[in-house]
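Q: Spelled out, the chains give:
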Amino acid sequence: MQRAATDTRRLPRRPAAWALLACALAALLAARPAPAQDIPVKGRPQSDFYGAQGVGVKVAWSLDRAAVALDEDLVATLTVTNVVNPRAVARPDLKAIPKFQSQFVVADLPDPPAGGPREVRFAYRLRPRDLAVKAVPRLDFYYHNPSAAAGKEFPLTQTQRDLAITVSPPKPKAAPPAVPLREPEHLFAVARGESVLQGPPFVPCGWLWAAALLAGPAAAAAWFLAWRRVFPDATRLAKLRRSRAARRARDAIRRAADAPDPPAALAAAVLGYLRSRFPLPPGAATPADVAAALAELDRPADECEAAAGFLRECDQARFSAAGSDDRALAADAAALVTRLEAA
Amino acid sequence: MTLGLLLLAAPLAAPTAAEPDSAVLAAAESAFDEGKALSGDESKARPAFARAAAGYDELWRRGLRNADLALNRAAAHRLAGNMPAAIAALHEGLAAARWSRPLQAALEDARGAVAYPAAGDLAGQCRSPPPRGLGTRFSPADAWAAVGALWLLACGGLARFAMTRAPGWLGFAAAAATAAALLGALWVRDQRRQDREDRDPVVVVARDATLRRGNADAYPARLEAKLPRGVEARALAARGGWVQVRLAGGAVGWLPESAVVRP
Numbered sequence: 001m002q003r004a005a006t007d008t009r010r011l012p013r014r015p016a017a018w019a020l021l022a023c024a025l026a027a028l029l030a031a032r033p034a035p036a037q038d039i040p041v042k043g044r045p046q047s048d049f050y051g052a053q054g055v056g057v058k059v060a061w062s063l064d065r066a067a068v069a070l071d072e073d074l075v076a077t078l079t080v081t082n083v084v085n086p087r088a089v090a091r092p093d094l095k096a097i098p099k100f101q102s103q104f105v106v107a108d109l110p111d112p113p114a115g116g117p118r119e120v121r122f123a124y125r126l127r128p129r130d131l132a133v134k135a136v137p138r139l140d141f142y143y144h145n146p147s148a149a150a151g152k153e154f155p156l157t158q159t160q161r162d163l164a165i166t167v168s169p170p171k172p173k174a175a176p177p178a179v180p181l182r183e184p185e186h187l188f189a190v191a192r193g194e195s196v197l198q199g200p201p202f203v204p205c206g207w208l209w210a211a212a213l214l215a216g217p218a219a220a221a222a223w224f225l226a227w228r229r230v231f232p233d234a235t236r237l238a239k240l241r242r243s244r245a246a247r248r249a250r251d252a253i254r255r256a257a258d259a260p261d262p263p264a265a266l267a268a269a270v271l272g273y274l275r276s277r278f279p280l281p282p283g284a285a286t287p288a289d290v291a292a293a294l295a296e297l298d299r300p301a302d303e304c305e306a307a308a309g310f311l312r313e314c315d316q317a318r319f320s321a322a323g324s325d326d327r328a329l330a331a332d333a334a335a336l337v338t339r340l341e342a343a
Numbered sequence: 001m002t003l004g005l006l007l008l009a010a011p012l013a014a015p016t017a018a019e020p021d022s023a024v025l026a027a028a029e030s031a032f033d034e035g036k037a038l039s040g041d042e043s044k045a046r047p048a049f050a051r052a053a054a055g056y057d058e059l060w061r062r063g064l065r066n067a068d069l070a071l072n073r074a075a076a077h078r079l080a081g082n083m084p085a086a087i088a089a090l091h092e093g094l095a096a097a098r099w100s101r102p103l104q105a106a107l108e109d110a111r112g113a114v115a116y117p118a119a120g121d122l123a124g125q126c127r128s129p130p131p132r133g134l135g136t137r138f139s140p141a142d143a144w145a146a147v148g149a150l151w152l153l154a155c156g157g158l159a160r161f162a163m164t165r166a167p168g169w170l171g172f173a174a175a176a177a178t179a180a181a182l183l184g185a186l187w188v189r190d191q192r193r194q195d196r197e198d199r200d201p202v203v204v205v206a207r208d209a210t211l212r213r214g215n216a217d218a219y220p221a222r223l224e225a226k227l228p229r230g231v232e233a234r235a236l237a238a239r240g241g242w243v244q245v246r247l248a249g250g251a252v253g254w255l256p257e258s259a260v261v262r263p
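Taken in order, these protein sequences are the chains called H and G. So the first sequence is numbered by our numbering: it starts at 1 and just counts up by one. So the second sequence is numbered by our numbering: it starts at 1 and just counts up by one.
Please keep in mind that the hints were generated in silico from the structure rather than gathered at the bench. Treat the hints with care, since some could be wrong.
Covered stretches of chain G, going by a simulated chain H footprint (3 or more residues, C-beta under 8 Å) [unchecked claim]: (1) 21-30; (2) 74-82; (3) 96-110; (4) 143-157; (5) 186-195.
Simulated crosslink set (DSBU-like; lysine-lysine; CA at most 30 Å straight-line) [unchecked claim]: (6) H/Lys42 - H/Lys152; (7) H/Lys95 - H/Lys171; (8) H/Lys95 - H/Lys58; (9) H/Lys173 - G/Lys226; (10) H/Lys134 - H/Lys42; (11) H/Lys95 - H/Lys134; (12) G/Lys36 - H/Lys173; (13) H/Lys171 - G/Lys44; (14) H/Lys58 - H/Lys171.
Quick caveat, the model's predicted, so the values are computed rather than measured. All C-beta atoms, glycine included, are put in the ideal place defined by N, C-alpha and C.
Bound-form chain H, shown alone (with noise of 0.2 Å):
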């Protein structure tokens, strides 16, 4: 009893505070959250439903500015109220909305802070495509109201009608500072005019090969034709030459200058010839041997006396007191050789 007593004690005693308990505490449980119930499955919207749960929900988009460059980005914030699983709503993907995602590109931000209990807001980075955009359209958003009458729990809401939008053309860009081109200077010069239009070099074909390997031969012999009509006694004295043992006595005959009795050297030059040529015999040395040797060997008589003839003189060139012309000598030598070669 006098517990009892003791608590009225400490209650209010006056009537107006007691209203203004009530007050406070109906206050305290309005702006509480209603507990969130599942939601049924039946009956769920197959698109534009994110998930909100409540009695009464509002959708509405703010943005922060209503006039935007074609190059510039707007932020858009979706604002969500009566909600009572704020933690449960999806965030709206706009970019899978064909009439967001053909006027703007859009990039998710991160969620501003909530206004309330009951309040959820996404927030998203708009840039217009084109200047054609007008507005940011409507948002359609279906909701759970779980105290509706059976049918309706899913009803829709709508943001504001389509939210004008001013698109003005890009601002131009400052224009970023000039790079020079560092590369060689060699590059900057280049070939001008005709001979940059000139066809591939020439190339020798196959018959061009075929044609200077025959060139060669073709002009030697006809050099050797045209040589051979020019001179035709060098064509004799050619076939002369060919013979080795007239090689030798012209070779000694030349060298008879030189020897210390010319007369002897071209006397025993014009004999080893003759010896060389034909089959004298080896004790044939005077003239008038070599004479009848040379006779009895069927050669003319005109060569035999020829041949007799310049021994003749050889021997007197060497034993007259008078000397003799050696050069003259040398001569008769050379023609003698000649001609017996000749014949």
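Model the placement of chain G on the given structure of chain H, informed by the hints.
A: Coordinates of chain G only, in the frame set by chain H:
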């Protein structure tokens, strides 16, 4: 009747006459001059040089394949910032005039600008050797003239020997014939070697790319580092959008066809 109409319409349907070569050249030179004038600003100069390169390329496609045009193409591509195309143009020029010293020097200069790796297994694989062989020094016309002249001298020496019977002429003829035969043999050998090399055409890496062991991204890399842009290789085969290449160092692998430029 129908045939007659078709015959009448044929000239109208035919493509219009191509722009004259001189006009294409003038446009290319004008674009090149514009690029030179704008060389103080790289971003403006390079597009102009790219236009000049396109003009030179068109002349090359028309068959005007001379060393001067190849050098112009390479310079324009390089100034346009397209080093792989410049190297490819130089290879095309060398295919037409392998003996051209300016082309050889330009190729070496371009290779000097490629970012070859300084160390690692890739360093020994990437660098292409300089052009070598008799064909890089003599043009076919020079070789033909030299061999022909030596052969003519040999035959002349023989003729002179027949006239004079002097053994010296025979030695002269033999020496000239030997020189002609030696030069001809070296030339033929060089041509055969070049023909063997030309069977595998040159490709140039257009962007940094990984050389793989097979013709798909799933295959492991043949070399650890990526092949730098501008590296030359020989194409061996192609399959499924990939091309098999052999590097200068002998490594064989596969590259995407989009990563190479074919001259």
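Q: Against which earlier hints does the structure fall short, listed by number upward?
A: Structure breaks hints 5, 9, 10 and 14.
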